[in-house]
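Produce the complete structure using the sequences and hints provided.
What follows is each chain in one-letter form.
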Amino acid sequence: MRTSVKKLASAVSTSIALMAAGQAAAEIQIGIAGPMTGPVAQYGDMQFAGARMAIEQINANGGVMGEELVAVEYDDVCDPKQAVTVANSLVNDGVRFVVGHLCSSSTQPASDIYEDEGILMVTPASTSPEITERGYELVFRTIGLDSMQGPVAGNYIASQNPERVAIVHDKQQYGEGIATAVRDTLKDQGVEIAMFEGITAGDKDFSSLVTKLKQADVDYVYYGGYHPELGLILRQARQADLDAKFMGPEGVGNKDINTIAGEAAEGLLVTLPPSFDKKAENQELVKAFQDKGEDPSGPFVLTSYTAVQLIADGIEQAESTDPFEVAEALRSGSFQTPIGAVQYDQAGDLKSFEFVVYEWHSDGSKTPVN
Amino acid sequence: MQDLLYFFQQLINGLTIGSTYALIAIGYTMVYGIIGMINFAHGEIYMIGAYTALIAITGLASFGVAWLPLILIVALICAMLVSSSMGWAVERVAYRPVRGRHRLIPLISAIGMSIFLQNYVHLAQGSRNIGFPALIEGGFQFGSSEGFQMSLSYMQITIFVTTLVCMTVLSLFISRSRTGRACRAVSQDLGMANLLGIDTNRIISATFVIGAALAAVAGLLLGMYYGSVDPLFGFIAGLKAFTAAVLGGIGSIPGAMLGGLILGVAESMTSGYLSGEYKDVISFSLLILILLFKPTGLLGKPEVEKI
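So the protein lines, in turn, are chains A and B. So the first sequence is numbered by our numbering: it starts at 11 and just counts up by one. So the second sequence is numbered by our numbering: it starts at 20 and just counts up by one.
Hints listed in this document are in silico derivations from the structure and should not be mistaken for laboratory results. Note that beta-carbon positions come from the ideal geometry of N, C-alpha and C, so glycine has one too. A couple of the hints might just be wrong.
Residues from chain B that face chain A, not an exhaustive set, calculated with beta carbons under 7 Å [to be verified]:
(1) 25
(2) 29
(3) 148
(4) 166
(5) 172
(6) 247
(7) 295
So this is what it looks like as structure tokens:
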């Protein structure tokens, strides 16, 4: 017992010494904040894989202004309360650039802290419009907005001439936001909306909802939210022989929905960012991921890679590690990245970003529809 | 006609979920009836039951066992064994040492136990939703009207039948067997029962074991019915079952059954006729109303001051 305590103590002191040495050698810390655990951890995996790869490759090419990038990773469990704790520890650790967070409901409270403390944040996944609506100087994203994704989904459903459509959401910032955008688009197109209703995230029993959908006799069901709930809805709908086409945002498009819904996931429609990993100019990067045994096809892998790259490019262009100067450089410049040419507007949103409708299959693969 | 079918379909949905609430609620109500404490770790025991069943099913499948009754029975036995030993151990470790102290102490101990078990499963099994294979598929279709068809799945029938069997066995056990009689005696007066030569520690352990075994049955049934498990799903189910136990009158076994069914039907009717958003609002408002107007619950007996 005693020796093991000694060993532990020496290990701790060595690691402290190492950390101190690390800071002395003038490195640039890049915080990566997202869910490592929790119900949506698979999206976090994409985020961490993409950001780590970018840091590795930038360092292999000589770093940024001769300095090495160092990843500091934080787990926010996609929980708004935890996100605030993470943001505060980032401030304490002296990190000045963050790739994250992932869930809109986490990004929003965390961004308040970053803006106050002068930390530059690039979210690779949060699509809620409100995040960039508050006139913050240091908030950016490498993904589109719900207000872009909703109309794509709404227009697709309208183009199929459905008689009646139901819209269900999980009452969270992301889910309800996108569901509202879909509803508004459908209304403009004159489609009848039979139902607009919330469920509780984390719930498991959707038999009443399915019965209600059956009675409303809808052709399409749009779900705003994440895959754990939609997976169960699909499965319970199949058991009750509900004959309707389901559609969801990129929050439902990952392979975990197949383990929950099984065969019932076949034919699900999902709006996703285009498959950046299929673009010819990214093949070298795709191979680098595959060599490490990682899958570059997830929707947030290359957006996270891009987030790191933008921070690095911004620092080089500003010739400074001051987050405000870097933010200025990002707003004024144009950057060539794996997600295409990136230009920012004043709010910190991409000037253009495209969403595509995919059909999901029960083996976890997807094919573009339009 | 369609409206009537719709009503009955929602009633079936509600009774299905309600009967599993009842199974879990038994654990709360028995423990309260005997030692007067709320076992907040009970929801976690239910969750562990579901996980054990899933592990057993996956294990059997990997050995190539495909005969459904065998899979179900083995999964059920594994889940009941693991859950009951967990229930027994929880009582031994967290409740017995603090029994007889101030009421708040066992309660806090129970909450700590619940957090511990939740995080233990988090670490051991990961935090993602794990899909539960659909073993019992298909069902009856009847009463079609204007495109709406009522359905009763084999899974729902399995849930009703299993719950009914469990409840009958439990009632017989409590009313007829020697241990059952001892249980009733202990719940009436623990000190007196002790004086009369009943091993009260053993009876209290038995209560925890029985409650946990029924929760494991509910875990297996609900896992298959809904289709996924995650480490947090015991918490909310436990809360609902606790509500059911209080609704029916905590300490009363028929009360737990009635409370579970009422709560299940109230939930499905709320999401069927109002909106799913109000489901939890209605069920917990029901709890508050009962506590205000009939604090002992529907079938609970008013507590007589023991001198």
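#### Entry: Status of the residue 29/B interface restraint (C-beta, 7 Å, chain A)
Hint on residue 29/B: holds, closest Cβ of chain A at ~6 Å, below 7 Å.
### Query
Minimum Cβ distance from residue 25/B to chain A below 7 Å?
5 Å, holds
### Task
With a cut-off of 7 Å on the beta carbons, see whether residue 172/B makes it to chain A.
Check passed: Cβ of residue 172/B comes within 6 Å of chain A, closer than 7 Å.
### Message
Is the interface hint satisfied for residue 166/B? The criterion is a beta-carbon contact with chain A at less than 7 Å.
### Response
6 Å, holds
### Query
Does the CB of residue 148/B sit less than 7 Å away from some CB of chain A?
Given a least distance of 4 Å, the restraint on residue 148/B holds.
### Message
Interface hint check: residue 247/B, Cβ to nearest Cβ on chain A, cutoff 7 Å. Holds or violated?
### Response
5 Å, holds
### Interface hint for residue 295/B, Cβ within 7 Å of any Cβ on chain A
Holds - the Cβ of residue 295/B comes within 7 Å of chain A, reaching about 5 Å at its closest.
The structure is consistent with each of the numbered hints, conforming to all of them.
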